[in-house]
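The listed protein sequences correspond, in order, to chains A and B.
Using the numbering used here, you'd call the opening residue of the first sequence number 164 and step up by one each time.
Using the numbering used here, you'd call the opening residue of the second sequence number 132 and step up by one each time.
Hints should not be assumed to be uniformly reliable.
Computed list of lysine-lysine pairs in DSS-like fashion (alpha-carbon distance at most 30 angstroms, straight line) [unchecked claim]: (1) A:K204 <-> B:K209; (2) B:K209 <-> B:K186; (3) B:K231 <-> B:K243; (4) B:K186 <-> B:K201; (5) A:K229 <-> B:K243; (6) B:K231 <-> A:K227; (7) A:K183 <-> A:K229; (8) B:K231 <-> A:K204; (9) B:K201 <-> A:K218; (10) B:K204 <-> B:K231; (11) A:K204 <-> B:K204; (12) A:K229 <-> A:K218; (13) A:K218 <-> A:K177; (14) A:K177 <-> A:K227; (15) B:K186 <-> B:K231; (16) B:K243 <-> B:K209; (17) A:K218 <-> A:K183; (18) A:K177 <-> A:K204; (19) A:K183 <-> A:K227; (20) A:K177 <-> A:K229; (21) A:K229 <-> A:K204; (22) B:K209 <-> A:K183; (23) A:K183 <-> B:K231; (24) A:K204 <-> A:K227; (25) A:K204 <-> B:K243; (26) A:K204 <-> A:K183; (27) B:K201 <-> B:K231.
It is worth saying that the hints were derived from the structure and are not from the lab.
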Amino acid sequence: GAVVSQHPSWVICKSGTSVKIECRSLDFQATTMFWYRQFPKQSLMLMATSNEGSKATYEQGVEKDKFLINHASLTLSTLTVTSAHPEDSSFYICSASRDRGFEPQHFGDGTRLSIL
Amino acid sequence: AQTVTQSQPEMSVQEAETVTLSCTYDTSESDYYLFWYKQPPSRQMILVIRQEAYKQQNATENRFSVNFQKAAKSFSLKISDSQLGDAAMYFCAYNTNAGKSTFGDGTTLTVKP
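Extracted from the complex, chain A is given alone in its bound form (with noise of 0.2 angstroms):
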């Protein structure tokens, strides 16, 4: 149980387009959806927290014009990382959870995105 799908799990795309990463939540509601950024060899830094029905919260540096979060329902929250530029290019990782603290965090499997 407790499955966490993200797609796409690679895009390369030209600078200047839209990408959009979706993270669903297959077999549970997820009240709350983290959105991480890892780069290579570096632990996850958190970009924001999507809770279901409202406005995400970001961390601080993160710019919320460039990352647009929606979490239109329990089991879907989606980045969009507007105009890309190759310093957007990283590792995207979705977590859900049940807000119990109890329970880990459940991962996707990440998205690749490289802007070229």
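Starting from the known structure of chain A, fit chain B onto it as the hints suggest.
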């Protein structure tokens, strides 16, 4: 705010040997949860083991066990009989009651055949 510190950026172990990865954390809460996650080269995050702070007994999952010292705010992971498939980056994580996680910087474990 909670912080999680993993002081060993890299560790190596001989196959079949035992290795311990260290983790310390800082919190003013009395009720929280601790986890170790493994991230192999595939970059998928995999739960290794979890520990509830109110439980004194150290958690064990097959070859993986923890040494949880609540007063010292220490949560180390011991891997026994190391296997090649254990090679990965390991992250220590702290959960609040609401389920929000704070991660350490990670320890890259190399297993030598």
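Hint check results:
no.: 1; hint: A:K204 <-> B:K209; result: 21 angstroms, holds
no.: 2; hint: B:K209 <-> B:K186; result: 18 angstroms, holds
no.: 3; hint: B:K231 <-> B:K243; result: 35 angstroms, violated
no.: 4; hint: B:K186 <-> B:K201; result: 10 angstroms, holds
no.: 5; hint: A:K229 <-> B:K243; result: 43 angstroms, violated
no.: 6; hint: B:K231 <-> A:K227; result: 20 angstroms, holds
no.: 7; hint: A:K183 <-> A:K229; result: 12 angstroms, holds
no.: 8; hint: B:K231 <-> A:K204; result: 22 angstroms, holds
no.: 9; hint: B:K201 <-> A:K218; result: 36 angstroms, violated
no.: 10; hint: B:K204 <-> B:K231; result: 18 angstroms, holds
no.: 11; hint: A:K204 <-> B:K204; result: 25 angstroms, holds
no.: 12; hint: A:K229 <-> A:K218; result: 15 angstroms, holds
no.: 13; hint: A:K218 <-> A:K177; result: 28 angstroms, holds
no.: 14; hint: A:K177 <-> A:K227; result: 21 angstroms, holds
no.: 15; hint: B:K186 <-> B:K231; result: 20 angstroms, holds
no.: 16; hint: B:K243 <-> B:K209; result: 17 angstroms, holds
no.: 17; hint: A:K218 <-> A:K183; result: 17 angstroms, holds
no.: 18; hint: A:K177 <-> A:K204; result: 25 angstroms, holds
no.: 19; hint: A:K183 <-> A:K227; result: 14 angstroms, holds
no.: 20; hint: A:K177 <-> A:K229; result: 16 angstroms, holds
no.: 21; hint: A:K229 <-> A:K204; result: 24 angstroms, holds
no.: 22; hint: B:K209 <-> A:K183; result: 39 angstroms, violated
no.: 23; hint: A:K183 <-> B:K231; result: 24 angstroms, holds
no.: 24; hint: A:K204 <-> A:K227; result: 25 angstroms, holds
no.: 25; hint: A:K204 <-> B:K243; result: 19 angstroms, holds
no.: 26; hint: A:K204 <-> A:K183; result: 24 angstroms, holds
no.: 27; hint: B:K201 <-> B:K231; result: 20 angstroms, holds
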